[in-house]
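Visitor: Residues per chain, in single letters:
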Amino acid sequence: MAKILLIEDDNDQILLYHTVFKMNGFNIISAIDGKIGLDRAKNEHPDLIILDLNMEEMSGEEVIKRLKKNPETKNIPVIILTNMDKRKFQSQMLELGAEYFWEKTVVMPPDVVKKVRDFLEKNKIK
Amino acid sequence: MNMITLTLLLISLLNGGLAALIFFRGLKNKANFFFFLTLVATFFWIFGLGMFRMSSFENGIYWATLFYISASFCITYFLYFALFFDNKNIGKINFLNHLLIHSPNIITIIILLANFHFIKDYSLEPWGKSIKLGPAYFFYVTHIVSYMGYAIFAIIKRFRNVSGIEKTQLKFIVFGTITASIFALAFNLFLPFYTYQFVWIGPYSLIIMVVAITYAITKHHLMGIKTITSEILVGLLLSILFVNIFFNDNNLWFKIIIFLVAILIGYFLIRSVFKEVRQREHIEKLMKMRSEFLDIASHQLKTPISVIMGTASMFREGSIGKLPKEQQKKFVENIYRKSVKLSGIVRDILSASEFDTEKFSLPEGRLEPVDLEKLLIKIKDDSKEEADEKGLELNFIKTRAKISPIISDEFYLTQAIANIVDNAIKYTKAGRIDIMLDEDEKEVIVKVKDTGVGIPNEDKSRMFGKFERARNARDMYTDGSGLGLFISKEIIDAHSEASIKFNSEENKGTEFIITFQT
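Keeping their order, the protein sequence lines are chains X and V. Throughout, our numbering is defined as the position within the first sequence, counted from one, plus 219. Throughout, our numbering is defined as the position within the second sequence, counted from one, plus 75.
This is chain V alone, in the form it adopts within the complex (with noise of 0.2 Å):
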């Protein structure tokens, strides 16, 4: 086995690990998915051109097939990873898209196989295997240069719509990515019209892709440097035991073996330091989360004090005691509802902390079977003095005699269904509020309708997220501290099946629908 030769598998090796480490990472989106196939082919397509130089003159032919298959599937890969890279939204692709995209391949693997005019002459020339390349070739090219050129366009289309860190990470990839397909293009494609001498030089332009992918990933702390040395260690390893393979013939099935050991080794190495990275980066997201949440919350708290403490200061320094006694009054007012508001807020970020973390989970020893028409009543009851005092009419409705009980805890369900009551009882001007029970087949139902002032089109996608709040709730209810939903939906979440949206129409009411499947 001579150096170029050895360099081939090697480099095949490299785009192995890459597609490893991409699997690794977690195939989070179908460009990524499409990345590691394009990887994978390659992986074939590098691996078959280093076999082709290595093998026999009878089994060369063999090999010679399977790396035009792979180059085939490996450009097909690459237009499926730039137009999902392109536009995430690029829908379904359904079963006869996908065979229309794959048919150029579909029809490669027949030509080749049946041996129709692809490969017209195979010989030994002095300077190694030649295959001399027949009409049918030409099919091959347009397939490859026009899928290639397509994805090109459409990295380069997406790669100039993106800005800030995203493109300084990209411009790596796309540059690492480019000059490899180029490169494979002129020594892979079109030099074999001529000669075929030099057509181990494509695939070494794909050590600039890695290296540049490489680079991107270190440079942006992507993983830490920890996993890296991990990874190029285990590489190193597995090259080092791969080429041994094929350096005599002695005890071959021995090296396989700790070659494919070594392997073994490797994934759960890799995939402990992964894993210790992950925890690392969820652990960093919760400080981030936690000191915003606490940004937030202190300056929800000041705000009422300083009304309190400002309105203090004047009584302490006497100047309001010089006002007449109504608007002394008013001042007196102020610091109550202040006071009120504070304690509101104080309740609800003790009770929100519970959920800034992470994903809220009802605790496990308390779950048991709860009585959603007892507590729905509970709730109802409690609310009536609210309502009564707005002159609101507040009613709980059942529509089926039975109704399956669910499993939950009490407490924090009441606390989920009773916000939402609350909500409607605040933001209700006049009319009725309906709590509404039924039972499908497949669910439970409980709804909170009421004929309030109801959510604004452009404030309905934030409504369930933290200290959030309506234009119209915060013009008709000052103190309200834009955590009731939140704390709900975190609530509803946290149990399995269950699911809380709302119908809304502005000046025309709201209806709050909580399902819970049986």
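Next comes chain X alone, as it looks inside the complex (with noise of 0.2 Å):
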């Protein structure tokens, strides 16, 4: 099964992604700071990865471009999953390389795995 990468500096947050993630049968791993992010996604390369924009060590803004400038992390598609506003941050996300925006208050977590899995489908990722 696709391993998933989940950037994201919320506890709660994570402890959800990962219980619904696992139920479904994915192998999920997580970074609590963008820095250890970079990080996992060098070492463990994940099939995608999903990012929180808003952390305080180092923003999601700041991570995807960093993993769009490394060539060994460049073609892992990233999908946005922040509380920030839609309408403001999407189109910038886009043009850097992420293949979605989703709201946290819009996709629900079951909602997040349906799509992921979609998704995988699509792009032919195991």
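Derived from the structure by calculation, the hints contain no laboratory data. These numbers were taken from a predicted model, which means no experiment stands behind them.
Label pairs and their calculated CB-CB ranges: (1) V:221 to X:276: 44 to 54 Å; (2) X:261 to V:536: 33 to 43 Å; (3) X:314 to V:449: 51 to 61 Å; (4) V:517 to X:310: 55 to 65 Å; (5) V:283 to X:261: 55 to 65 Å; (6) X:258 to V:517: 47 to 57 Å; (7) V:485 to X:241: 46 to 56 Å; (8) V:370 to X:281: 14 to 24 Å; (9) V:283 to X:314: 38 to 48 Å; (10) V:266 to X:281: 56 to 66 Å; (11) V:407 to X:334: 24 to 34 Å; (12) X:241 to V:407: 18 to 28 Å.
A few chain X positions that, by computed beta-carbon distances, are all more than 10 Å from chain V: (13) 222; (14) 257; (15) 295; (16) 309; (17) 320; (18) 344.
We put the beta carbon where it would ideally sit given N, CA and C, even for glycine.
Each chain sits in its own coordinate frame; assemble them with the hints.
Guide: Below, the structure written as structure tokens:
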């Protein structure tokens, strides 16, 4: 099953997404801040990264910029999952190379799993 | 009066107008203040030059004395301007330094008034009055050239270090000022060694400066077109009235009075327009602050909501129901905790929205003498349960029998101090919290001292900001809104002569000190 890296600085959110992804048979790993996220992306070769934007140590914007700059990580698809306003940040994030921009209060965890599965199938990632 | 003289008088007026403009705009910093003085001195310099051409042969020499002295001051203030422009933090210049910087002016005044080899010969040539300059003029030239050179050096240095919009604005100002200075040096300082005939050309270059600065102002909407239009109209009217004074001698006093009245009316007109523009700028600033506040507030609200909604959605879908009971309980616990956080944030945001737009002021009708001892004991009692639960010692310590009451609003003051006590309890793992009350000859002092995690040095400067939290505070207690200290500071600052500050060392503790002058 595909390996997913969740970069998210809120422990409650991590617990939530870990549970729902694991229950649906995914291999999910997480990083509590942007810097750790970049390291794990390099070392663990996830199939997909789910990235929060508003993080204290390093913002999600900086993380995606660095991911896309590094040849080792630039081909890993990134999905933004955040509480930031879609109208304000979506186009910027898509320009930086994100696949989708989902708001946490709009796309619920079971739907996140479903959409991720569809995305992976469409792109033929096991 | 010929065209050249008329133009000189108009240019001097233009400079006067620009000086007034900067004055009305507010002499916000020292650079502004000295630029204003430079323009005032320039006004006298060019006005002196115009009057030199226009006056009788006998009086001409006095006007010449005026413009040489004015020009000397003009360059001096220009140097001051450049120094402050380059470095705002140049520090305090003491009296001796001022005296030193002004010494060439003083010497110029002395040698001119004592007629000490400055003006060698004064004659009437076919093209007008002419001055031959003596050896003391070399001193004058040295003063002007060195000051001007250093000033231009400082301005260019500063200009190279700025970027963005500031650079675009400065480009015009720097270009105009330097061009004008070079022209003035050439035609007013060096050419008079050979002939005095072209001494009037220098000031013309000041038009370039005024146009450049005005362009910079209008282009970047520094003040809005409305102000500029009213200034141009007033300037035009004043110019016509001013020139009219010199055209013939009939009704001279009447014309002068009309001119002065026009200045007065112009002053009030421009002032009222300025006021309006300032108000508009203020409103725009408030709108911007409000939208920033809403942005952050909405994000703060959505964070717990998304966990509550997400967890609930999983319950509804049935997936959490498949988990062991213990794990299910954890999710319910999360919902509960995030709801508590949400309600805290809502409370803080509602309370902070009172403070978000402009400087908060205490409700005047409710101000009364407040007994701080009673107030602090109440705060202590209210917080006792929380402190007990964490095993913390919470004390109230009063070092004097009688403490003067302070003028305040009890509701807000309680909120301000309770926020600090709450924080002390929240961020102290073990040890004690002391709420202390003291008074000396000048002030009543409240201290809240804890043995908590302390505030890291890198976070100290922003602790009173809105939605700001220290790094270790976030690690320890994720659910704070970051509004507590902001609210406390706003309330304390709203008191006349009160202040709040803190001393803190990471892992040792924090001491907040609130003082009220008596």
